[in-house]
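S.K.: Read off the chains here:
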Amino acid sequence: MRISVQETPFAPGAEGDAFAAGAAGAGAVVTFTGVVRDADQGRLQAMEIEHYPGMTEKALTAIAEEACTRWSLADALVIHRYGRLAPGERIMMVATAARHRRDAFEAAEYLMDYLKSRAPFWKKEILTGGDADWVAAKDADEDALKRW
Amino acid sequence: MDILYFAWVRERIGLPREQVETSAATVAELVEELRACDERYAAAFADLSALRVALDQELSEFDAPLAGVREVAFFPPMTGG
Chain A
5 MRISVQETPF APGAEGDAFA AGAAGAGAVV TFTGVVRDAD QGRLQAMEIE HYPGMTEKAL
65 TAIAEEACTR WSLADALVIH RYGRLAPGER IMMVATAARH RRDAFEAAEY LMDYLKSRAP
125 FWKKEILTGG DADWVAAKDA DEDALKRW
Chain H
478 MDILYFAWVR ERIGLPREQV ETSAATVAEL VEELRACDER YAAAFADLSA LRVALDQELS
538 EFDAPLAGVR EVAFFPPMTG G
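If you read the sequences in order, they're chains A and H. Remember, the numbering used here sits 4 above the position in the first sequence when you count from 1. Remember, the numbering used here sits 477 above the position in the second sequence when you count from 1.
Chain A extracted, bound-state conformation:
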């Protein structure tokens, strides 16, 4: 299990390859990469991501450990960036490896749902006009936790 909270960019392909190579014997590897979205093209200048050093690593570790308890996983990976990111940049990645695909898929979704609402990150949108606003938490993200 590896948790990385980092400012620097990461390469999802290389991370995925290294993760899969380390999970020898797994029959399924699921990877998910989150990208900074500019829904109305040209509106978003940057996304600033703030986090709570210390608590972030603890929270992500606890979430990943819980996933490893609930599903039969060979390994799990969570990478999450902070700082100023441009549209199109990769913001985060999760990977899970398991003997069977259902465990890998479900554990990856669980990791995503929990890190959206329970890991101490906050996003601020910087718009091209200079305006800036904090992204509000969505009820749907909180509701997503209920299925687990």
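Calculated directly from the structure, the hints in this document are not laboratory data. Please note that the accuracy of each hint is not assured.
[Said to hold, decoys possible] Here are the simulated DMTMM-like cross-link-like pairs (lysine to aspartate or glutamate), alpha carbons at most 25 angstroms apart as the crow flies:
no. : chain 1 : residue 1 : chain 2 : residue 2
1   : A       : K142      : H       : E538
2   : A       : K150      : H       : E535
3   : A       : K128      : A       : E61
4   : A       : K150      : H       : E538
5   : A       : K142      : H       : D524
6   : A       : K62       : H       : D533
7   : A       : K62       : H       : E538
8   : A       : K128      : H       : E535
9   : A       : K62       : H       : E516
10  : A       : K128      : H       : E495
11  : A       : K62       : H       : E548
12  : A       : K150      : H       : E495
13  : A       : K62       : H       : D540
Keep in mind the model is a prediction, meaning the values are calculated, not measured.
Chain A is fixed; fit chain H onto it per the hints.
M.R.: Same frame as chain A, but now just chain H:
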């Protein structure tokens, strides 16, 4: 006790962290003390349902006791991913 603020809570209060001497028994009592001392805190803590609190880096509740706690953090609901 160290108090930390994140995201718009930090912006409203105007600082990321501070040390306070308090005899508050619970988080809610600490919030009342802070509210009373300056309008910046009153603005930040106007609606507690819009806030979350962590005690020693564990998510907690506003009625939780503060005995033995070294670090309190206030922040809006998280938006990771």
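S.K.: Look at each hint and say if it fits the structure.
M.R.: Each hint, compared with the structure:
A C-alpha spacing of about 20 angstroms is found between K142 (chain A) and E538 (chain H), which places the hinted pair at or below 25 angstroms, so the restraint holds. The hinted pair formed by K150 (chain A) and E535 (chain H) meets the criterion: a straight-line CA distance of about 20 angstroms does not exceed 25 angstroms. Distance restraint check for K128 (chain A) and E61 (chain A): the Cα-Cα separation of roughly 20 angstroms lies within the 25 angstroms cut-off, and the hinted pair is therefore satisfied. Using a Cα cut-off of 25 angstroms, the hinted pair K150 (chain A) and E538 (chain H) holds, with the two alpha carbons roughly 19 angstroms apart.
Between K142 (chain A) and D524 (chain H) the alpha-carbon distance is near 17 angstroms, which keeps this suggested pair within the 25 angstroms criterion. For the hint linking K62 (chain A) to D533 (chain H), the alpha-carbon distance of about 11 angstroms falls within 25 angstroms, and the restraint holds. A distance of roughly 18 angstroms separates the Cα atoms of K62 (chain A) and E538 (chain H); the hinted pair therefore holds under the 25 angstroms criterion. Distance check on the hinted pair: K128 (chain A) and E535 (chain H) sit about 23 angstroms apart at the alpha-carbon level, within 25 angstroms; holds.
For the suggested pair K62 (chain A) and E516 (chain H), the alpha carbons sit about 33 angstroms apart, so the restraint of at most 25 angstroms is broken. The hinted pair formed by K128 (chain A) and E495 (chain H) meets the criterion: a straight-line CA distance of about 23 angstroms does not exceed 25 angstroms. At roughly 15 angstroms between alpha-carbon atoms, K62 (chain A) and E548 (chain H) fall within 25 angstroms of each other, so this suggested pair holds. With a C-alpha separation of about 36 angstroms, the suggested pair K150 (chain A) and E495 (chain H) falls outside the 25 angstroms cut-off, and the hint is violated.
For a cut-off of 25 angstroms, the pair hint linking K62 (chain A) to D540 (chain H) stands: about 23 angstroms separates their Cα positions.
Of the numbered hints stated above, those contradicted by the structure are hints 9 and 12, listed in ascending order.
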